[in-house]
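Participant: For the record, the sequence lines run as chains A and B.
The working numbering puts the last residue of the first sequence at 258; the count rises by one with no breaks.
The working numbering puts the last residue of the second sequence at 258; the count rises by one with no breaks.
Heads up, a few of these hints could be off.
[As the list claims (entries may be wrong)] Covered stretches of chain B (in silico footprint by chain A; criterion: 3 or more residues with CB under 8 angstroms from a CB of chain A, positions within the stretch not fixed):
# : segment
1 : 45–54
2 : 78–92
[Said to hold, decoys possible] Here are some of the chain B residues that sit facing chain A, going by a computed Cβ distance under 10 angstroms:
# : residue
3 : P15
4 : R17
5 : V18
6 : A59
7 : V95
8 : D104
9 : I119
Hints were generated in silico from the structure; no laboratory data involved.
Where is the CB? At the ideal position from N, CA and C, for every residue including glycine.
Here's the letter readout for the chains.
There are 2 protein chains.
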Amino acid sequence: MVDTNQTGPLPSRYPIRVGVDVAVFTIRDSALHVLLAPADVAWRLPSDLVRPDEPLDLAARRALTEVAGASDVWLEQLFTFGDVQRNPDGRVISVAHYALVAVDVVRELGERDAQWWPIAALPQLILDHRRIIDYALTRLRNKLEYTTVGFQLLPQRFTLSELQRVYEVILGRTLDKRNFRRKVDVLGIVKPTREQRVSVTGRPAQLYRFVAAEAPEAIGGPEPLAAAQQPSVQIARIGPVLRRRGRVISIAPVEGGR
Amino acid sequence: MVDTNQTGPLPSRYPIRVGVDVAVFTIRDSALHVLLAPADVAWRLPSDLVRPDEPLDLAARRALTEVAGASDVWLEQLFTFGDVQRNPDGRVISVAHYALVAVDVVRELGERDAQWWPIAALPQLILDHRRIIDYALTRLRNKLEYTTVGFQLLPQRFTLSELQRVYEVILGRTLDKRNFRRKVDVLGIVKPTREQRVSVTGRPAQLYRFVAAEAPEAIGGPEPLAAAQQPSVQIARIGPVLRRRGRVISIAPVEGGR
DNA sequence: TGCATTCGTGTGCGCCAAACACTATCCTCG
DNA sequence: CGAGGATAGTGTTTGGCGCACACGAATGCA
Numbered sequence: 001m002v003d004t005n006q007t008g009p010l011p012s013r014y015p016i017r018v019g020v021d022v023a024v025f026t027i028r029d030s031a032l033h034v035l036l037a038p039a040d041v042a043w044r045l046p047s048d049l050v051r052p053d054e055p056l057d058l059a060a061r062r063a064l065t066e067v068a069g070a071s072d073v074w075l076e077q078l079f080t081f082g083d084v085q086r087n088p089d090g091r092v093i094s095v096a097h098y099a100l101v102a103v104d105v106v107r108e109l110g111e112r113d114a115q116w117w118p119i120a121a122l123p124q125l126i127l128d129h130r131r132i133i134d135y136a137l138t139r140l141r142n143k144l145e146y147t148t149v150g151f152q153l154l155p156q157r158f159t160l161s162e163l164q165r166v167y168e169v170i171l172g173r174t175l176d177k178r179n180f181r182r183k184v185d186v187l188g189i190v191k192p193t194r195e196q197r198v199s200v201t202g203r204p205a206q207l208y209r210f211v212a213a214e215a216p217e218a219i220g221g222p223e224p225l226a227a228a229q230q231p232s233v234q235i236a237r238i239g240p241v242l243r244r245r246g247r248v249i250s251i252a253p254v255e256g257g258r
Numbered sequence: 001m002v003d004t005n006q007t008g009p010l011p012s013r014y015p016i017r018v019g020v021d022v023a024v025f026t027i028r029d030s031a032l033h034v035l036l037a038p039a040d041v042a043w044r045l046p047s048d049l050v051r052p053d054e055p056l057d058l059a060a061r062r063a064l065t066e067v068a069g070a071s072d073v074w075l076e077q078l079f080t081f082g083d084v085q086r087n088p089d090g091r092v093i094s095v096a097h098y099a100l101v102a103v104d105v106v107r108e109l110g111e112r113d114a115q116w117w118p119i120a121a122l123p124q125l126i127l128d129h130r131r132i133i134d135y136a137l138t139r140l141r142n143k144l145e146y147t148t149v150g151f152q153l154l155p156q157r158f159t160l161s162e163l164q165r166v167y168e169v170i171l172g173r174t175l176d177k178r179n180f181r182r183k184v185d186v187l188g189i190v191k192p193t194r195e196q197r198v199s200v201t202g203r204p205a206q207l208y209r210f211v212a213a214e215a216p217e218a219i220g221g222p223e224p225l226a227a228a229q230q231p232s233v234q235i236a237r238i239g240p241v242l243r244r245r246g247r248v249i250s251i252a253p254v255e256g257g258r
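Make the full structure from the sequences, and use the hints.
Facilitator: Here's what the structure looks like:
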């Protein structure tokens, strides 16, 4: 066995390169969008090679920043794609990430011709980038149900209707307003501010801000490692109830009893 | 931006190496165990460098096979650890995997001195291997609740009590026998065989075999990509109910209505 | 001042998860 | 061969929670 951890001198040419791809999501006009850059005839995700002295997540942030100036971006590792043939130009494994940004955080699209594309109508993408987006989406949908990532898509101050729309857009279905508000209330994850949003039309809405509910407490969420690299916001749990269509039952009973 | 996907000729020396580490779990004596190999004063996970023409999951399987002969191993990518300093011997990123094997599938421990260690009492481990195991554990616990991975830890034929013990051992708490059996029954994921297990003591138990319940149907589980690389068994969903201690509520309502 | 638009609020019902205890079957040993 | 030990197998009740559902309030504008 070649011991990964105790290797001697570097092989003179180790022919596997390591890259990062980042699927950056935001919500514009009540629709989920991904950030893409042009690549010849098709489009591609922001990407880059990992530098020798650079952690993976920083490489991902760098790739993102090169395409769109943004700060305070929530970002998480997704999956590492390592098919031998995924890149016809040699062996490049890709540590894929996905990121969530509030529209108001994105300052500008740096690289010319970079664009937001609605996920409902994506253009042709190079390599396996479509697959990366698809996977990021299912991950995002799942994560939405047991964490508070959703808030990453909103500005600091937001209305409950805006929050609800985030959930509706990502989950792809409408939610009941009263049930939604009751849950948010019970969870205690938002606090009203003194401000109101004066909308163009209709009654003004109360503005809220996000407030972490539980202490991190090392429950060991699905991504404890990634979490350690993230802003603390991510840690608070909205609470997991994952069910699918039809009867779905877990073998394991719910903890905590009645 | 350096375009990962359209790079020119190889850099003559690209100094990042890519390895795999594998946390292999099994259940022995009603306790969860991990397979470890000796490494100087400490212990380590089965690991290896990824070969230039080798997919990541195959590298992981190879690392596993070198330590313990086994076939039909369920294996999934876990996370890619890329801290710059994680390996004092140079930049090696590790695509960590975890695997589940039934004890009867492990033929033998190939490398001398490789051993099963109970997760309750692990020895000193090198590098970040302890962290990998911890993360694999939380992933396993979560996955247990919305997939049928648990069956990977059992032989082809098993009793319901054995199945229940798998869940109890991994979740670290006891389950109610009747509730457990009712759920398994409702899910329709096991079928009784004509055989019984003659135990040393007590009433003989009916033997069952695992049966995928739902068609794959591309619901988009948490790991659709990994799933595509897996035996079909993994796909059937036991059904997700993730709850934690205390009141936990999801913002998103349950689909399918009442 | 009326009309359009968005905000904000409570109840009732049905389902599902959890709690809970006893009989059946086999083996062993005296 | 009978008693005891061990494990297998089996239903009912109850309470909490998720879902469905409709209308008055506040504002801007014509």
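Participant: Evaluate each hint against the coordinates.
Facilitator: Against the structure, the hints:
no. : hint  : result
1   : 45–54 : holds (count 8)
2   : 78–92 : holds (count 11)
3   : P15   : 5 angstroms, holds
4   : R17   : 6 angstroms, holds
5   : V18   : 5 angstroms, holds
6   : A59   : 8 angstroms, holds
7   : V95   : 5 angstroms, holds
8   : D104  : 22 angstroms, violated
9   : I119  : 14 angstroms, violated
Comparing the model with each earlier hint shows violations of hints 8, 9; every other hint is respected.
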